[in-house]
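Single-letter residue listing:
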Amino acid sequence: MDRQRPPNLLAGERSPYLLQHARNPVAWEPWGDAAFDRARREDKPVFLSVGYSACHWCHVMERESFDDEATAAYLNAHFVSVKVDREERPDVDHAYQLAHQLVAQRGGGWPLSMFLDADRRPFYGGTYFPPAPRHGMPSFREILAAIVEAWTQRREDVRTQAAELAGTLARVATRVPAPGEPSTELLAAAVARVLPRIDRAHGGFGAAPKFPNTMTHDLLLVAAVVERGARAKDAGDAVLLTLRRMRAGGIWDHLGGGFARYSTDAEWKVPHFEKMLYDNAQLLRLALHASRLLQHRGAPGSDVAAMLGVAADTAAYLDREMRDADGLYYSAQDADSEGEEGRFFVWTPEQVVAAAGGADAEAVCAMFDVRREGNFEHGRSVLWTPRSVETVAAALGLDVEAVTAAVERARPKMLAARESRPHPMRDEKCLAAWNGLALGAAADLAATVGDDAAVASARGALLRWRDVGFATGRLAHAVKDGEAYGRAFLDDLGGLAGAALDVFEATFDGAALGFARALLDEVLAHFVDAASGGLFFAADDAEVVLHRAMDPSDHAYPGGVGLATMALLRAADLTGEARYRTAAERCLAASVTSAKDHPLGMGSVLLAADRAARGPMTVVVVGDASRDDVRAMLRSARTWLLPHRTLVCATDEAHAAALGVDPSWMQGRSGGAGGAPVAYVCRGTVCQRPAADLDGLATVLRAALAPV
Amino acid sequence: MVARRTLAGERISGYARGMRNATLAIDGMTCGGCVMSVKRVLERLPGVTALQVDVGEARLTADEALAPEATLRATIERAGFTVEEIDWSPA
Chain A
1 MDRQRPPNLL AGERSPYLLQ HARNPVAWEP WGDAAFDRAR REDKPVFLSV
51 GYSACHWCHV MERESFDDEA TAAYLNAHFV SVKVDREERP DVDHAYQLAH
101 QLVAQRGGGW PLSMFLDADR RPFYGGTYFP PAPRHGMPSF REILAAIVEA
151 WTQRREDVRT QAAELAGTLA RVATRVPAPG EPSTELLAAA VARVLPRIDR
201 AHGGFGAAPK FPNTMTHDLL LVAAVVERGA RAKDAGDAVL LTLRRMRAGG
251 IWDHLGGGFA RYSTDAEWKV PHFEKMLYDN AQLLRLALHA SRLLQHRGAP
301 GSDVAAMLGV AADTAAYLDR EMRDADGLYY SAQDADSEGE EGRFFVWTPE
351 QVVAAAGGAD AEAVCAMFDV RREGNFEHGR SVLWTPRSVE TVAAALGLDV
401 EAVTAAVERA RPKMLAARES RPHPMRDEKC LAAWNGLALG AAADLAATVG
451 DDAAVASARG ALLRWRDVGF ATGRLAHAVK DGEAYGRAFL DDLGGLAGAA
501 LDVFEATFDG AALGFARALL DEVLAHFVDA ASGGLFFAAD DAEVVLHRAM
551 DPSDHAYPGG VGLATMALLR AADLTGEARY RTAAERCLAA SVTSAKDHPL
601 GMGSVLLAAD RAARGPMTVV VVGDASRDDV RAMLRSARTW LLPHRTLVCA
651 TDEAHAAALG VDPSWMQGRS GGAGGAPVAY VCRGTVCQRP AADLDGLATV
701 LRAALAPV
Chain W
1 MVARRTLAGE RISGYARGMR NATLAIDGMT CGGCVMSVKR VLERLPGVTA
51 LQVDVGEARL TADEALAPEA TLRATIERAG FTVEEIDWSP A
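First to last, the sequence lines map onto chains A and W.
Each residue of the first sequence is one higher than the one before, counting from 1 in this note's numbering.
Each residue of the second sequence is one higher than the one before, counting from 1 in this note's numbering.
Derived by calculation from the structure, the hints in this document are not laboratory data.
There could be a bad hint or two in this list.
[Said to hold, decoys possible] Partial list, derived from the structure: chain A residues whose beta carbon lies under 10 Å from chain W: (1) R106; (2) A454; (3) D573; (4) G576; (5) G615; (6) T618; (7) V620; (8) A656; (9) W665; (10) C687; (11) P690.
[To be verified] Take a look, some chain A residues computed to stay more than 10 Å from chain W by CB distance: (12) A11; (13) P177; (14) G256; (15) A325; (16) F344; (17) F376; (18) H378; (19) G379; (20) A393; (21) T472; (22) Y485; (23) A578; (24) D628; (25) G684.
[Said to hold, decoys possible] Quick list of simulated restraints, FRET-style, between CB atoms: (26) W:M19 - A:L102: 51 to 57 Å; (27) W:M19 - A:D33: 49 to 55 Å; (28) A:V172 - W:A25: 51 to 57 Å.
Being a predicted model, the structure only gives us computed values, none of them experimental.
Ideal Cβ positions, reconstructed from N, Cα and C, are used throughout, including at glycine.
I would like the entire structure built from these sequences, with the hints used as guidance.
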């Protein structure tokens with residue numbers, strides 16, 4: 001991009017992605033009436049380009065086409081060009097991805113390139129187009145010329161195509177599926193369908209490219225403690241395999257912690273290097289749950305600690321690189337720096353010697369597979385650990401301890417050396433939905449390991465969302481530089497409500513539960529389809545982009561329906577308020593039929609449906625949460641993988657009521673002598689006997705869970 | 001003929017049926033967890049209002065047509081508890 005060039009209309013936007021295009025020679029406009037009004041006035045088609053800041057091919061197309069003067073001049077002469085950040089406007093993205101799917105008869109992606117009339121109706125589209133014809137793909141300029149030819153010479157064809165597409169879209173986008181009913185068989189059936197698709201060699205699903213697919217692994221983890229026998233063991237083993245192989249692969253940042261978006265190969269070796277908040281948030285929680293599974297199975301303490309370390313290192317990465325001054329989480333870090341993909345993350349042997357020192361470099365290069373010829377591009381290597389430390393030590397004729405010590409000495413030095421490299425761009429808008437995933441997982445981890453500062457930080461970030469993001473009484477979609485903007489979508493409300501419930505279970509602060517209720521009340525007031533009980537993606541007073549869509553599926557992160565129904569069920573369990581459960585059950589009834597047919601794409605809905613069918617596993621600790629013995633009891637409870645956990649701590653009925661918790665939970669339950677804690681565990685309608693010490697708690701929890 | 005609203009809110013007309021108060025003695029409830037379970041199953045029954053549950057007991061107002069005694073019993077027993085006795089009184 002040329003800094004000298006006058007800015008286009010994107011210069012006034014907040015999205016870092018849109019600002020990246022503010023000095024393109026293309027006369028971009030933001031999404032809105034002004035652009036479509038101009039299209040109508042000037043009788044031009046609209047070129048809609050949708051992408052996001054960490055999207056590699058979006059940058060490639062920008063460099064090749066949008067920064068090219070001739071292409072820009074052609075676009076400016078014949079089109080109104082509109083740029084959309086899909087993270088800012090997921091509603092626009094959903095609507096036109098669906099249109100693309102119908103036009104192209106295959107899945108879409110980014111950058112999305114669609115051609116619209118002034119009524120916003122799409123009539124043609126694709127994704128990335130190269131600057132010159134390639135692999136049978138027409139060039140972007142050829143596409144533009146063909147669109148102009150059709151628009152000027154065959155307008156009737158364009159109109160017919162737009163009208164037909166609009167009709168099909170209306171049918172597809174507003175289709176109401178046959179109602180079903182949540183049942184515990186749904187989980188069993190989904191697990192039976194997905195387990196055979198696990199890559200038994202490397203973990204994860206399918207071959208290359210390989211995505212984390214965290215929501216499906218979430219389902220497997222629940223199955224690992226509620227199903228019995230070989231199925232449960234298989235499900236748990238699959239999750240452990242995936243996480244361990246990802247942790248050993250180049251998809252894991254071996255210096256800074258955290259995971260890249262996806263792997264280009266089946267063995268998790270060479271990633272696409274962008275790091276997205278939602279992946280790290282979800283994988284943090286998955287690793288935390290996996291550490292609980294290991295503990296439940298009686299694995300050695302070092303195995304439990306290693307898995308907990310994956311969660312802790314991911315949280316440390318997010319704390320270090322992905323939070324603003326108020327503790328809110330940024331969206332993403334780009335893959336490219338210095339014009340090359342992955343440049344920031346990859347190493348030559350010389351760079352390792354310079355950073356780690358000559359003495360340790362041999363062991364470090366052997367351990368991380370840094371080779372002279374490079375395991376990636378341009379003689380550079382992605383850090384990964386394909387060989388065990390024992391294998392590396394034997395090959396080098398060194399002790400295991402010596403190799404481990406060399407790597408541990410080198411790691412902080414290499415991280416420091418990497419810090420001095422030009423950094424990839426960071427997208428500093430904070431999205432409510434993704435922040436919900438991250439701060440909920442961070443609160444759960446912090447409370448589990450007893451990190452009070454991190455618990456307080458998660459609570460602070462949640463209350464910041466309340467005070468800034470919810471200042472108007474309606475949740476904003478995003479906060480950037482301390483300012484809230486945009487209207488929340490369903491996943492924003494469901495995601496942040498889930499985080500508020502996580503913070504409540506980590507702090508027993510009534511303010512967190514109160515915020516969860518306020519967010520869910522917004523869902524009930526503005527997102528419910530009265531006819532089907534389903535939940536719309538956008539509010540009733542939001543802009544309607546083509547159609548008011550209802551989409552129960554997950555994408556790279558859990559969908560709004562799964563997040564919202566899970567939060568509604570959790571809030572119903574804590575507060576005893578039937579309207580939350582009723583809303584969740586109606587929505588799930590409208591969603592489970594498609595979830596049954598597509599278990600890989602609807603994990604979050606299946607998880608919520610399983611909770612609705614099975615009921616929560618509840619631990620009520622009677623006691624004062626500021627006492628050490630009460631805290632120890634709570635921490636002990638948190639180290640277990642409790643399916644659909646609800647955790648309550650209060651001294652008595654009045655205290656529970658003051659927190660916003662249904663005082664019925666406290667009936668017939670009392671603490672020990674002198675304020676000592678007593679824990680009451682229930683699963684569904686089965687109560688365990690009260691536990692007055694940690695051993696007793698372990699016994700009743702073990703009894704309540706499926707045998708290993 | 002009277003017109004009134006059911007729990008679900010729709011207006012229905014018909015001969016006035018009995019809205020009656022019921023006190024159910026329930027066996028198998030030991031604690032707040034059981035209270036929440038019984039609440040959860042009863043509150044979703046159409047025709048049940050003014051629900052209050054304690055350990056060993058549920059009090060409610062039932063629309064006889066929508067929530068007859070057999071339905072109340074079956075619902076609670078499906079949840080794993082036993083209904084020992086139901087006392088009815090006029091609402």
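We went through each hint and held it up to the structure:
With a cut of 10 Å, the hint placing R106 (chain A) at the interface with chain W is violated, because the nearest CB-to-CB distance is about 43 Å. Hint status for A454 (chain A) relative to chain W: violated, with the closest Cβ pair at about 30 Å, above 10 Å. Contact between D573 (chain A) and chain W, as hinted, is supported at the beta carbon level, the nearest pair being about 7 Å apart and thus within 10 Å. Hint status for G576 (chain A) relative to chain W: holds, with the closest Cβ pair at about 6 Å, below 10 Å.
This hint holds: G615 (chain A) has a C-beta 7 Å from the nearest C-beta of chain W, less than the 10 Å allowed. A hinted interface residue such as T618 (chain A) counts as satisfied when its beta carbon comes closer than 10 Å to some beta carbon of chain W; here the least separation is about 6 Å, so the hint holds. Taking 10 Å as the C-beta contact cut-off toward chain W, the hint placing V620 (chain A) at the interface holds, the least distance being around 6 Å. Given the 10 Å rule on beta carbons, the hint for A656 (chain A) holds: about 9 Å separates it from the nearest Cβ of chain W.
Look at W665 (chain A): its Cβ gets to within about 4 Å of chain W, closer than 10 Å, so that hint holds up. The interface hint given for C687 (chain A) is met, as the beta carbon of that residue sits about 5 Å from the closest beta carbon of chain W, less than 10 Å. About 8 Å separates the beta-carbon of P690 (chain A) from the nearest beta-carbon of chain W, less than 10 Å, and the hint is met. Listed as a non-interface residue, A11 (chain A) keeps its Cβ farther than 10 Å from every Cβ of chain W; the least gap is roughly 51 Å.
Non-interface call for P177 (chain A) relative to chain W: holds, since the shortest CB-CB distance, roughly 22 Å, exceeds 10 Å. With a cut of 10 Å on Cβ distances, G256 (chain A) stays outside the contact zone with chain W, its closest approach being about 44 Å. Look at A325 (chain A): its CB is around 41 Å from the nearest CB on chain W, clear of 10 Å, so calling it non-interface holds up. With 10 Å as the threshold on Cβ separation, the claim that F344 (chain A) sits away from chain W holds: the shortest Cβ distance comes to roughly 51 Å.
In this structure F376 (chain A) is separated from chain W by more than 10 Å, as the shortest Cβ-Cβ distance comes to about 55 Å. With a cut of 10 Å on Cβ distances, H378 (chain A) stays outside the contact zone with chain W, its closest approach being about 61 Å. No Cβ of chain W comes within 10 Å of the Cβ of G379 (chain A); the nearest lies about 63 Å off, and the non-interface call holds. With a cut of 10 Å on Cβ distances, A393 (chain A) stays outside the contact zone with chain W, its closest approach being about 52 Å.
Even its closest Cβ contact with chain W, about 29 Å, leaves T472 (chain A) beyond 10 Å, as expected for a residue assigned away from the interface. The beta carbon of Y485 (chain A) is kept farther than 10 Å from every beta carbon of chain W, the shortest such distance being approximately 37 Å. Not every C-beta of chain W lies more than 10 Å from that of A578 (chain A), the closest at about 4 Å, which undercuts listing it as non-interface. At roughly 25 Å, the least C-beta separation between D628 (chain A) and chain W is larger than 10 Å, which holds for a residue marked as non-interface.
Residue placement check: G684 (chain A) does not keep its beta carbon more than 10 Å from all beta carbons of chain W (closest about 7 Å). Checking the proposed 51 to 57 Å range against M19 (chain W) and L102 (chain A) shows it holds: the Cβ atoms sit about 53 Å from each other. Restraint check, M19 (chain W) to D33 (chain A): a C-beta distance of roughly 54 Å satisfies the suggested window 49 to 55 Å. With their beta carbons about 54 Å apart, V172 (chain A) and A25 (chain W) fall inside the hinted range of 51 to 57 Å.
Hint check: violations occur at hints 1, 2, 23 and 25; the rest are consistent with the structure.
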